[in-house]
Amino acid sequence: MQEISTKPYLLRALYEWCTDNGYTPHIAVRVDKSTRVPRQFVRDGEIVLNISFEATSQLQMGNDWIEFTARFSGKAHKIEVPIANVLAIYARENGQGMAFQVDVVAEAGDDDGGEALAAAGDGDDVGGQAAAADGARGAAEAAPEPGNRVDEPPKSDGDGDGAKGSRPRLKIVK
Numbered sequence: 001m002q003e004i005s006t007k008p009y010l011l012r013a014l015y016e017w018c019t020d021n022g023y024t025p026h027i028a029v030r031v032d033k034s035t036r037v038p039r040q041f042v043r044d045g046e047i048v049l050n051i052s053f054e055a056t057s058q059l060q061m062g063n064d065w066i067e068f069t070a071r072f073s074g075k076a077h078k079i080e081v082p083i084a085n086v087l088a089i090y091a092r093e094n095g096q097g098m099a100f101q102v103d104v105v106a107e108a109g110d111d112d113g114g115e116a117l118a119a120a121g122d123g124d125d126v127g128g129q130a131a132a133a134d135g136a137r138g139a140a141e142a143a144p145e146p147g148n149r150v151d152e153p154p155k156s157d158g159d160g161d162g163a164k165g166s167r168p169r170l171k172i173v174k
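Heads up: the sequence shown is residues 1 to 174, going by our numbering.
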């Protein structure tokens, strides 16, 4: 019998922690063929999704998939994210959360948007460029800057307190 991953349990626990403390939970997701998100919000093969109660409908965080409906630019989209593709979960307000290593199996299915960009559909496919959306109204947030990958520690400005009005960053703890 194969052991069940702790990742979905940690995701659910951190989601609950965020909501209990009044924070807005976001997930960073590696997009591949198995990920169903609106293509215009994907940047560098990744997307950041607001999964708060206010931004989602019918949110289900199972052991294999995170599924919900969310509005992007006023249009409802069914979002399906494999747990294996979740890079991180964190609170938007302070950046506290947890980063995960994406499984090799999930990365093997990544096509960097090649075929998915060519596929025409109702906008639920992957690929394209990211666009910022209102965090409280839409489920997408601008993806991290290209130089700040989720698996790399954020670069500090010296004192590292982040009090200079900069955006909160995910703190990696190993």
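These are calculated hints, taken from the structure and not from any lab test.
From a predicted model like this one, the values you see are computed outputs, not experimental measurements.
Keep in mind that a hint or two might mislead.
Claimed, not checked - List of simulated lysine-lysine pairs, DSSO-like, C-alpha gap at most 27 angstroms:
1. K33 - K7
2. K33 - K75
3. K7 - K75
4. K78 - K7
Find the hints from earlier in the document that the structure breaks and name them by number, from lowest to highest. Of the numbered hints given earlier, the structure breaks just one, which is hint 3.
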